[in-house]
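J.: As a plain string of letters, each chain reads:
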Amino acid sequence: MNVIACAKLVPTGTPTLGPDHLVVRSGVDGALDPGDEYGLELALQLTEQHGGDVTVVSMGPDEAGQALQRALAMGASRGALVSDPSLRGADALVTARVLAAAIKRYPFDLVVAGVESTDGYTGTVPVTVAEILGVASVTAVRRLEPSDAGARIERMTERGYDVYECPLPAVVTVTAGAVEPRYPSLKGIMQAKQKPIDRPSLQDLGLSDTKATQTVTAVKDAPTKAGGEIVQGDEAVVRIADLLAEAKVI
Amino acid sequence: MAGAWVFAEVTPDGPHPAAFELLTHARSFDDDPTAIALGPGATAAAADLGANGAATVYASDDPVFAEHPGRPAAHVLAGLIEAEAPDVVLFAQTYDSRDVAGRLQGCIGSALMGNATSIADPRHARAEIFGGTKIVDVELAGPAPTLILLRPKSIAAEPTGGTARIVPLEAEVPEDERGARIVERHEEAASGPRLEDAKVVLAGGRGLGGPDAFAMLDELANEIGGAAVGASRAAVDAGWVPYSYQIGQTGKTVKPEVYLAAGISGALQHIVGMKGAKRIVAINKDADAPLLAMADLGVVGDLFQVLPALTEEIRRRKGS
Ligand SMILES: Cc1cc2nc3c(=O)[nH]c(=O)nc-3n(C[C@H](O)[C@H](O)[C@H](O)COP(=O)(O)OP(=O)(O)OC[C@H]3O[C@@H](n4cnc5c(N)ncnc54)[C@H](O)[C@@H]3O)c2cc1C
Ligand SMILES: Nc1ncnc2c1ncn2[C@@H]1O[C@H](COP(=O)(O)O)[C@@H](O)[C@H]1O
Chain A
1 MNVIACAKLV PTGTPTLGPD HLVVRSGVDG ALDPGDEYGL ELALQLTEQH GGDVTVVSMG
61 PDEAGQALQR ALAMGASRGA LVSDPSLRGA DALVTARVLA AAIKRYPFDL VVAGVESTDG
121 YTGTVPVTVA EILGVASVTA VRRLEPSDAG ARIERMTERG YDVYECPLPA VVTVTAGAVE
181 PRYPSLKGIM QAKQKPIDRP SLQDLGLSDT KATQTVTAVK DAPTKAGGEI VQGDEAVVRI
241 ADLLAEAKVI
Chain B
1001 MAGAWVFAEV TPDGPHPAAF ELLTHARSFD DDPTAIALGP GATAAAADLG ANGAATVYAS
1061 DDPVFAEHPG RPAAHVLAGL IEAEAPDVVL FAQTYDSRDV AGRLQGCIGS ALMGNATSIA
1121 DPRHARAEIF GGTKIVDVEL AGPAPTLILL RPKSIAAEPT GGTARIVPLE AEVPEDERGA
1181 RIVERHEEAA SGPRLEDAKV VLAGGRGLGG PDAFAMLDEL ANEIGGAAVG ASRAAVDAGW
1241 VPYSYQIGQT GKTVKPEVYL AAGISGALQH IVGMKGAKRI VAINKDADAP LLAMADLGVV
1301 GDLFQVLPAL TEEIRRRKGS
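From first to last, the protein sequence lines stand for chains A and B. If you count the first sequence from 1, position 242 lands on 242 in our numbering, and the numbers rise without skipping. If you count the second sequence from 1, position 27 lands on 1027 in our numbering, and the numbers rise without skipping.
These aren't lab readings, by the way, just hints derived from the structure by calculation. Be careful, since some hints might not be right.
Derived pair list, reagent style DSS-like, types lysine-lysine, alpha-carbon separation capped at 27 Å [said to hold, decoys possible]: (1) K1255/B to K225/A; (2) K220/A to K1318/B; (3) K1134/B to K1153/B; (4) K1318/B to K248/A; (5) K1134/B to K220/A; (6) K1134/B to K211/A.
One side only, chain B facing chain A, incomplete, derived with CB under 10 Å [as the list claims (entries may be wrong)]: (7) E1128; (8) G1131; (9) V1136; (10) E1139; (11) L1149; (12) P1174; (13) E1177; (14) I1182; (15) P1256; (16) L1268; (17) Q1269; (18) I1280; (19) L1292; (20) G1298; (21) V1299.
Distance windows between CB atoms, simulated [unchecked claim]: (22) D148/A to G1225/B: 46 to 52 Å; (23) G1239/B to T224/A: 29 to 35 Å; (24) P1174/B to Q194/A: 42 to 48 Å; (25) V219/A to Q1305/B: 41 to 47 Å; (26) R159/A to E1158/B: 24 to 30 Å.
Where is the CB? At the ideal position from N, CA and C, for every residue including glycine.
Full structure from sequences and hints, please.
T.: What follows is the structure, encoded as C-alpha cells:
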C-alpha cells in the first residue's frame, strides 16, 4: 500500500499577520503541523504492516523543508515540496490544486492529511483534493484497515462513530488520538538526510493560475473578556452556588 | 438582490439547528433565501426551514445522501448551481457540511471561506482567526457562487413563521461517483439536554485525571438539573469521554447562562467555543491558568474538593 501524507509547515507559537495581512511564514520558526503527525503515523503503520512506502507532500516556503525532514526522520521514504513566491497567500482552492497536482506524480492507494491545519483550520483542503483527484474521501478518521472493498474506516461523528466501506484510492483525514505519533530515532534522523526531496515547479505541475480568491481587507484584535474575581478556600463553594442562584439556574 | 442559498443538514431529528441560523444570516441580504435539504427527512424538514425564513426548499429524500455523505450532495449542488446561478451558498462549520463544501469547491472552483462569524454580502464576510484573537474582514473573488462556512451560534436564529415552496429534486447519482459508504452507525445514548441548548454547561479537562472523575460532573449536573457535561479536547483525546463532549474550535460552540470549567487551562482553541457564555466559572489549582483570568468567578483550588462540596451545597440549599 503506497501512501501519500500531506504535511504543512506551521509557525510555532501564535502566528502573526504581516502588513499585507498575510500570515508571516518566512523567517519564523516553524514545525510540522502537530495535526499532520497523526496521518503520518497512520501511514507509516499501514506501510509497515502491508508493504509499500510513504511519500510526504507539502506546499510552503523553503523552510517547509525542515518539516519534511522530521517526516522523513519518522520513516517516510521521500518528500515533495512545492515552493513558489506566487503561492504566498494561497487560499484553500489554490492549496488543493497544488497538492492534488503534486500527489498525482506518485502512485498511491491512500492520501492522508490532518483534519484541519493548526493555523488555518478551514478543514476543507483534503476533500477538495479528493474531488480534484476524482477519488473517495472520509474525514475525521479514527481507524483504518485494508479490506476486500478497499478499506474499512471508522469516522468520528457528533454522537459516536460510523463505519465506512471505502474504495481505494481515497483521501482520509486522521483525528488526534487515533494513533500515537512516534518520535524520530537518532538513526531515523541520520537516514533522513540521505532521503530525496523533490521540488517540482508550478510549471512541472502544469499549473499557471495560482491567484488567491480571498483577500483580507482589515484586521483588528478581538475584544478580550475582562476577568472577574478570584476566590479560594471554603468561600469558593458558597460563591459558586450564589452565582448559580443569581443566574436562576438553581 | 443577491441570491442566497443555505445548505441545510438533515438529521434524524429534523434540520440541524445551525440551518436556522444560516437562514437568519442569509436574510440580512436576501429576503427570500433558498434552502437545499438532501437525504431522508428532507421534505419533512421543509416546514421548519420555511418557518425560519426559507422561501424555497429544494428537497430530496433519497437515502444515497445519508449512505454516502459528501460526494453525492456536492455533485447535486454543483448541477443545481449551474442551472440557477445563486450568488452565495452558506454552510454550517460542521464536519459534515464542511465535507460537502470542500467537495463542491473542487467541482466549481469558487472561493471558500471557513470560520466566518458574519456575512455582509456574498463577497464580504468576517471571521475570527488564530483561536479567536483576531477579527478579519475578507473579500471573496472568483466565480459565483461564493461558499461561506459560518460558525454555529454566531447569531441567534429568528423564526419568521413563513411557509416554503417545496421543489422536489430528482437526484441521479452514478454508482462510481458515490464514494465511501456507511455500513454501520454507532451512537452513544444521549441523556439530558444537548450541550448546545443547556442553560448550564459543566466542562472537565485534563485536570480530572481520568474518566471516573467525570462522575463528579454528572452528579453536579444532576443536582443542578438541566445542566449538560462537556469537555476539553485533552479529555476527549485521552479517550475519557466521547468526541460529542468536545467544546472549542474543533468541537461545539456553547453559549449557556453559566459555564463552569474544572481542570481546564484555557487554551485559545478551547476559549473559542465558550467565550460567549453569560457567566464563566473556572476551577483550577494553578493560579496562573489563562481561563481564571477571563472567568467572572475564578476559583483557585483542587477540583476534587470543590466539586463534591458544591454538589453538597446545592443539595443543602434545595433542601431548605
Ligand atoms: C487545531 C487545534 C484544534 C483544537 N481544538 C480544540 C477544541 O476544540 N477544544 C479544546 O478544548 N481544545 C482544542 N485544542 C487543544 C488545546 O490547544 C489544548 O491542548 C486543550 O484545550 C487543553 O485541554 P485542558 O485544558 O483540559 O488540558 P491542560 O492544558 O493540560 O490543562 C489542565 C488544567 O487542569 C489543571 N488541574 C490539574 N489538576 C487539577 C486539580 N486537581 N484541580 C484543579 N485543577 C487542576 C491544571 O492546572 C491545568 O490548568 C486544539 C488544538 C489544536 C492544535
Ligand atoms: N500547504 C499545505 N501543505 C501540505 N498539506 C496541507 C497544506 N495545507 C493544508 N494541508 C493539509 O490539509 C489539512 C487541512 O488543512 P486546512 O483545510 O487548511 O484546515 C492539513 O491538516 C494538512 O494535512
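J.: Answer holds if the nearest beta-carbon of chain A is closer than 10 Å to that of I1182/B; otherwise answer violated.
T.: holds (5 Å)
J.: With a cut-off of 10 Å, does the beta carbon of V1299/B approach a beta carbon of chain A closely enough for the hint to hold?
T.: Hint holds; V1299/B Cβ to chain A Cβ min 4 Å, cut 10 Å.
J.: What's the verdict on K220/A and K1318/B, does the C-alpha distance respect the 27 Å limit or exceed it?
T.: The given pair, whose Cα atoms are some 46 Å apart, is violated under the 27 Å limit.
J.: Hold the hint about L1292/B up to the distance rule: shortest CB distance to chain A must be less than 10 Å.
T.: Holds. Min distance 6 Å.
J.: Verify the proposed pairing of K1318/B with K248/A, using a straight-line Cα cut of 27 Å.
T.: Distance of about 13 Å is within 27 Å: holds.
J.: Under 10 Å is the threshold here; is the Cβ of V1136/B close enough to any Cβ of chain A for the hint to stand?
T.: holds (5 Å)
J.: Take the shortest C-beta to C-beta distance between I1280/B and chain A; is it under 10 Å?
T.: At about 8 Å, which falls below the 10 Å cut-off, the nearest Cβ of chain A leaves the hint on I1280/B intact, so it holds.
J.: Per the hint of 46 to 52 Å, is the separation of the Cβ atoms of D148/A and G1225/B within bounds?
T.: Since D148/A and G1225/B have Cβ atoms about 50 Å apart, the given range 46 to 52 Å holds.
J.: A closest beta-carbon separation below 10 Å is what the hint needs, so does L1268/B meet it against chain A?
T.: holds (8 Å)
J.: Against chain A, with CB atoms and a cut of 10 Å, does the hint on P1256/B hold up?
T.: holds (9 Å)
J.: Take the shortest C-beta to C-beta distance between E1139/B and chain A; is it under 10 Å?
T.: holds (5 Å)
J.: Going by Cβ atoms only, is Q1269/B closer than 10 Å to chain A?
T.: holds (9 Å)
Checked against the numbered hints above, the structure violates hints 2, 12; every other hint is satisfied.
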